[in-house]
Amino acid sequence: DAGVTQSPTHLIKTRGQQVTLRCSPKSGHDTVSWYQQALGQGPQFIFQYYEEEERQRGNFPDRFSGHQFPNYSSELNVNALLLGDSALYLCASSLDPLAGLPGELFFGEGSRLTVL
Amino acid sequence: AQKVTQAQTEISVVEKEDVTLDCVYETRDTTYYLFWYKQPPSGELVFLIRRNSFDEQNEISGRYSWNFQKSTSSFNFTITASQVVDSAVYFCALSVRETSGSRLTFGEGTQLTVNP
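Quick note, the sequences are listed as chains C and A, same order. When the letters of the first sequence are read in order and numbered with my numbering, they come out as residues 1 to 116. When the letters of the second sequence are read in order and numbered with my numbering, they come out as residues 1 to 116.
In case anyone wonders, no lab produced these hints; they're calculated from the structure. Treat each hint with caution, since some may be false.
[Unchecked claim] So the derived list for chain C, only partly shown, Cβ under 8 Å to chain A, looks like this:
id, residue
1, P43
2, A87
3, L88
4, E104
5, L105
[Stated by the list, open to error] Taking beta-carbon pairs under 7 Å as the criterion, some of the chain C residues facing chain A (in silico):
id, residue
6, Q41
7, Q56
8, E109
Backbone N, C-alpha and C define an ideal beta-carbon position, used for all residues, glycine too.
Chain C with its partners taken away, still in its complex shape:
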C-alpha cells in the first residue's frame, strides 16, 4: 500500500519564477492538505482540499494556489517566487475530518524548494 508520494523531491528556482509541486495521497484518502516548513520551524498550514475544492486556507498570499483532481491527487502552485518561499513543502492526506474525528495525517517526504 503506497503512502503519500510527492514530486519533485528537490528543486531550485530563481526569484519571480513559478513552481508546481505534486502529491498523490495514500490509497483510500480523499482529503489533501499542504504545509510549508521553513528551516528549523514547525509546519505551517497552507490549505486543504476536499472534493476538488479548497475547503480551508491558512494565512498565505494568493500567490499560493492549488488544485485537487478527481483521483484525489493534488498540486500546489506558487507564483512570483520570493526568497522567503524557500522551504520544505509537505503534503498530507487523510479521510474527511468532518466525517468524524480529525484523523491522523499521513505525510509525504516533502518537496524541498530553494529560491535563489
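Add chain A to chain C, keeping to what the hints say.
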C-alpha cells in the same frame, strides 16, 4: 486562534536515559485534539498519538508515554530508555473542529539527539 509552544529547542541524552518533551497549548475551544508527530531526517512526519480534550487519561505505548493535563494546558511526551533510533525532531500539534474542515497548528519542534 490556536498556539502550541515547545520551549525545548534541542535536547541531547545518552542512550537508555529517559527524556520528556514538553508541550503547552492555547485554545479557546472546548473541543480540541492534540497530536505528537516525529520527523526523522527523511522529512516525512510520522503520526504518534492523538488525544481529544475530553480524555485526560494518560497513555502508554511501549517506551512512549503521554501526560495530558488540562489544568496546565500541557501534553508532555516521555520516552523511556531512549535509543539512538529515537533521534529526530518531535512536533506537538493542536487541531480544533471547524465547520470547514480541520488544520493542525504545530509547535516549533524539539530536536532530540540520543547518543550511544
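Provide an ascending list of the numbers of those earlier hints which the structure does not satisfy. Result: hint 2 breaks, nothing else.
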